[in-house]
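Dock chain B against the given chain A, drawing on the hints supplied.
There are 2 protein chains.
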Amino acid sequence: MHGLMMDTQLSVQLILERAKQFFPKKEVITRQANGNHRYTYADFYQRVLRLASLLQQLGIKPGDRVGTFAWNNYRHLELYFAIPCIGAVLHTINIRLAADQLTYIINHAEDQALFFDPSLAPLVKQFAPHLETVKNFIVMDEIPIEELNAQSYEKLISEQPTDFVLPKITDENMAAGLCYTSGTTGHPKGVLYSHRSIYLHSMAICMADMMGLCERDRTFPVVPMFHANAWGYPFASALVGATQVFPNHFMQPRDIIQLIEQEKVTVTAGVPTIWLGIMALLEHENFNLENLRLIVIGGSAVPVSMIEYFQKRYNIPVVQAWGMTETSPLGSIALVKSNLLSLSDEEQMSYRVKQGIPAACVQIRAVDDDGKEIEWNGEARGELQVRGPWVAKSYFNTTERAEAFCDGWFSTGDVVAIDPEGYIAIVDRTKDLIKSGGEWISSVDLEIALLSHPKIQEAAVIAVPHEKWVERPLACVVPKPAYSEQFDKEEVINYLKSKFAPWWIPNAVEVIKEIPKTSVGKFDKKRLRIMYQDFQWPVG
Amino acid sequence: MHGLMMDTQLSVQLILERAKQFFPKKEVITRQANGNHRYTYADFYQRVLRLASLLQQLGIKPGDRVGTFAWNNYRHLELYFAIPCIGAVLHTINIRLAADQLTYIINHAEDQALFFDPSLAPLVKQFAPHLETVKNFIVMDEIPIEELNAQSYEKLISEQPTDFVLPKITDENMAAGLCYTSGTTGHPKGVLYSHRSIYLHSMAICMADMMGLCERDRTFPVVPMFHANAWGYPFASALVGATQVFPNHFMQPRDIIQLIEQEKVTVTAGVPTIWLGIMALLEHENFNLENLRLIVIGGSAVPVSMIEYFQKRYNIPVVQAWGMTETSPLGSIALVKSNLLSLSDEEQMSYRVKQGIPAACVQIRAVDDDGKEIEWNGEARGELQVRGPWVAKSYFNTTERAEAFCDGWFSTGDVVAIDPEGYIAIVDRTKDLIKSGGEWISSVDLEIALLSHPKIQEAAVIAVPHEKWVERPLACVVPKPAYSEQFDKEEVINYLKSKFAPWWIPNAVEVIKEIPKTSVGKFDKKRLRIMYQDFQWPVG
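Those sequence lines, one after another, are chains A and B.
Going by our numbering, the first residue of the first sequence is number 96, and it counts up by one from there.
Going by our numbering, the first residue of the second sequence is number 96, and it counts up by one from there.
Hints listed in this document are in silico derivations from the structure and should not be mistaken for laboratory results.
Please read these numbers as outputs of a predicted model, since none were measured by experiment.
Watch out, some of these pointers could steer you wrong.
[Stated by the list, open to error] Partial list, derived from the structure: chain A residues whose beta carbon lies under 7 Å from chain B:
(1) Met100
(2) Lys120
(3) Ser289
(4) Met298
(5) Asn434
Ideal Cβ placement from N, Cα and C applies to all residues, glycine included.
For reference, chain A alone in the conformation it holds in the complex:
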C-alpha cells in the first residue's frame, strides 16, 4: 500500500524558485579584475530565464548535454541552473586537463553546445577543431570571438524574453548534471547526477551535523565548479538563500584570503594543498578572518597541524569531509560525536583526522580481498564501499570499470579501517598501497605525519621498487621557504622513527621544489611514481 503524500518531484527548479521567491535580495558576488561583480538572486533569476530561453532557441532538448568550461563565476552559476531547468544536462568540464583528454570527454559526452570563459579561449582553440557534436560555441562575455565562431553570451541572452516559462521537471530521476572523473584507470568516466540526487545532497549539506549551510552564511567553496559541482555548494547555497562568493580565476592564496576577508565569508571548503598555501601566507601577513565559522577540507587527508593552526590562531574549526565525484561528493564528515567530547584533545584529534561517519542517506561497509565484510575494530582493513541516493550506480555510456558497481555498492578504491564508533579512516588508495616484505605500509599515515612537521610544506610518500623488499617507501618533501637552504633529511627520518614502526620508515627522503598536482589540485602520486620509477636506493 502506498502512502497518500504528494508526488512532488525534487528538482533544481524547486531550488531556483525558492531562491527567487524567498531570498530575492541575497547576493551572488564574483571577483573581477575591476572590482567585484554583485547582483541579487532576483537579478540572477531573470538572467537564468533568459538563458533557459536561449538554450531552447539553440535547439537544446531534454537530456542533451551542454558543456561548461569555466572558472567559478556568476555566469557559470546561471548555467548551473538554466541547463537542468530546461531538462538538459549540465556537463562541467575540467579546465586543467590536456587538449586530447578534453576532446575525448566532450565527444564522449556528446555535448551539443559549449559555454566557455574568454580567458580559456586559447585552450578551446586547441581542441575545438576535434569536437564532433558541439553545434554552438558561446563565450561567457560581452564580446564574441569570431575565430572560434563563438557568439557572445551577453548579447545572446539580452535578446531573450524575461517571461520565459520553464518546462516542468516531471521526474526527479531525470539526468541533471554530468562530471567526468580522471581518478580511475583508463579513459575519464562520466558520473551522471539526477535532479533527485542534487536535491537530496543539497539538503544533506545544510543539515546541522553536516556543513549546516544556512541563510546567514556567505559561502565560498575554493573548489572548482567543474569538480563535483563545487562540492554541491552552489545548489545548497541557493536552497537556503545563502550569499555566494566566487573567485573567478583569481585563485592564488592572497586572492582567496583577501576575498574571504572582504566579503565576510562564513563557510569555505577546499583540498588541503590550497590551505597549505594559505597557511604559508598567513605566517607573514595578517588578514581578518573573524566571520569565517567553518573550513571544510576534503580530497586528501588533513594534517593535524592544519587543524591545530586554524583552531589555535583563529578559533576556526577545520572539519574533514570525504567524498568523490561518484558520491556527489559528500560521503562522510568527521564530526566529533558528543560521547567522544570527554576525551582528551589529543584523543579527539585522532577522530578529527579520520574521514568521519557517513552523511545521512549514505551507507558504508568495507570488504577484504575475499569480498568479506571487515570488522569495525579500527584494525582490519578493507576497501570502502558506499551506497546512497547520490552515489553513482554506473558510469555514463561505458562498460569500463563496471566491476566497481556490484551488489548495489560502489567500490571506492580507498583502503580503510572502520573503528567501533563507525569512523572511517582511509589508510591508502588501493593503488597507492606500499607492500614491503609482505607487510602493508600506509603512505597516507606517513604523509599526515610529514605534513605536520614544522619545516615541511608539502609531502608525498610513494612505493619504489626494491630488490630485497619488493617495494619500499620513498618520501618526497618540499621544505618551507625558510628551511629550503638548510633542510636536514636525517632530522625528518628521526622524527618519523619516533612515530612509526622501524619497517615503516622510508629508506630515503627526496627534497624537491614542488609536488606535482592533479587537475583538481591534489598531490599527483601517479606522476611522482613515474618520476622515481628508476630511483636508486642509497646503499645500506
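Here is chain B on its own, set in the frame of chain A:
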C-alpha cells in the same frame, strides 16, 4: 534520460540502521514513577528487532495498520520503528478523544492490532467491545490484562529472537504511518505518511535553518506522539543520533520543566498553551534551563510576550513553526532572514510572530474567494495552500473534503497574508473569521495582543451573532492567578483600543476560569462558540 544514481529507497529502516550503527551509545530516556528509564540505541535496536519479529508472528502483513494508544515513552518509540520497518503502518491514536470517536477511527483504519499503555486500559475497555478488526490487544507493560484479553508486551517480545532480519523496504512510497485529524468538519480523517515523506521531513528538521537537530542535541518534544508524529522529532532525532527524552504521562508544567532541567534538554517544542503554563510556574520557582538552546512553538500563534520572556530572562530563542497533521507537520518556520537583522527589535519581532517562510521542499500560495492567487504585499488575504513531498494528496479511504486537494495543492483552511519577504501571517482560520458589518476582523491578531497583556493567562476571541453587525468579537480571558480577584475588563478594552481600529474592539470581555482545550491542547474555539452562542451583548 535518467541520471545514473543509485535507486536507494528512503525509509524508516535507513534511520533505524543509522542510529544503531553510528550512535549505539546514545540514550533514550523516559520518565517513570520510580525514576527515569534509560537505555541506549543499541538496546533499543535489539528490542525493535524482537518487536518486529512479534508483529510478523501476530500475522501483521505489509500495509496492515497497527494502532498505538500511548503516551510518549520508549515502548511507543519502539513501535514507531518496528511497525514501519516490517512494511506495516504505524497508526498513532489520539488518547484524548471520546470513546465513540476512537471506535470510529480504529474501525475506519481497520487496525489489526492495538498496543496501549496500562494507564489507558480504562479507556480501552470503553471502546474495545466495539472494535471490528483488532485481533490482538497488547498492553505495553510487564503484566497482561486478562479482562481485555491483552497480552504483555514485555512477555511477548522476550520470547522473540534478537537476530530477526527485517524485510527490505523496496519502495519509498510505501505507507508507513497514519494519523487522524479531527481539525476538520465531519468525521476524523486519516493522513497516510510514506517512508519517503518521513525521511525527507526528518532531513528538513535537521537543516540548520529549520530546527537544526543534531547529534549533540537532547530532544524533548512536548507534543504527543499521537499528534503528527510528535512533530517528527522521534524520527529526526534517531537520524542524527540525538538523545531523546520522553515525559510519559507526567505532563504538568512542573514535570516538564523538571525533566528539561534534569536531562539537560537542548531542544523542545510544543503548543503555546503548554508554555503559558510553564511561564506561570517560572514566575514563582527557579529552574536551570541553561542547556536549552531552542523552543519551537507551533499549533497556534505565539504571543510576543512569550518570545520576549524566554529571550530576556533565559536568552532562549522561541521560534514559531507552522504545520498541520496534513503537512507531516513542518510547513513553515519564522526564521528572521539576515537582510532583516538591521531592523529594530520591534520590527524584527513583527516577523518572529508570523508563521515564517516555508520549509525546504514546501511551496506555498494563497488564493482569494475567486481562486485567484493573492499578491504578496502583506495586505491581501487568501486561503493558504501548500504542496510538497510530505503534504497529503488526499485523506485515507474517504471522499469527504476531497475539495481540499485541488490542482496539486492542499488547502489549509488558514487565512493568511504573505508579505513581500515571503513570510506567511495567519490572520484567521476560514471558519474562525469574524465578519462584522462586511469587514473582516482577525480574531488571531486580537488574541496575540490579549496574550501579551501582563494580567492575562489565556485568551480567545470568537464571533458571536449580533443584530446590527451580523457578528461581533467577544473576548474570553483567563486572568493570571494574582489578578483573578481584581480583574479590570475596562483596562483590557482600553489596552486593545491603543492597538486596533475602533471597529475591531470586542464588544465585551468575558472572564472565565479556563479556555476549553482541544485533544491536542489548543484552545478549542469550537466549544467556546457553542458556550456563547446565545450570549447577550451588553446594551449600548
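Worksheet item: When the nearest CB of chain B is found for Asn434 (chain A), is that gap smaller than 7 Å?
Response: Holds. Min distance 5 Å.
Worksheet item: Would the hint on Met100 (chain A) stand, with a C-beta cut-off of 7 Å toward chain B?
Response: 4 Å, holds
Discussion item. Quick check on Met298 (chain A) please, does its C-beta sit within 7 Å of some C-beta on chain B?
Written reply: 5 Å, holds
Item to complete: With chain B as the partner, please determine if Lys120 (chain A) meets the hint condition of a C-beta pair closer than 7 Å.
Response: Holds, because the Cβ-Cβ distance from Lys120 (chain A) to chain B comes to roughly 5 Å (cut-off 7 Å).
Fill in: Interface hint status, Ser289 (chain A) versus chain B (Cβ within 7 Å)
3 Å, holds
Violated hints for the displayed structure: none, as all numbered hints are satisfied.
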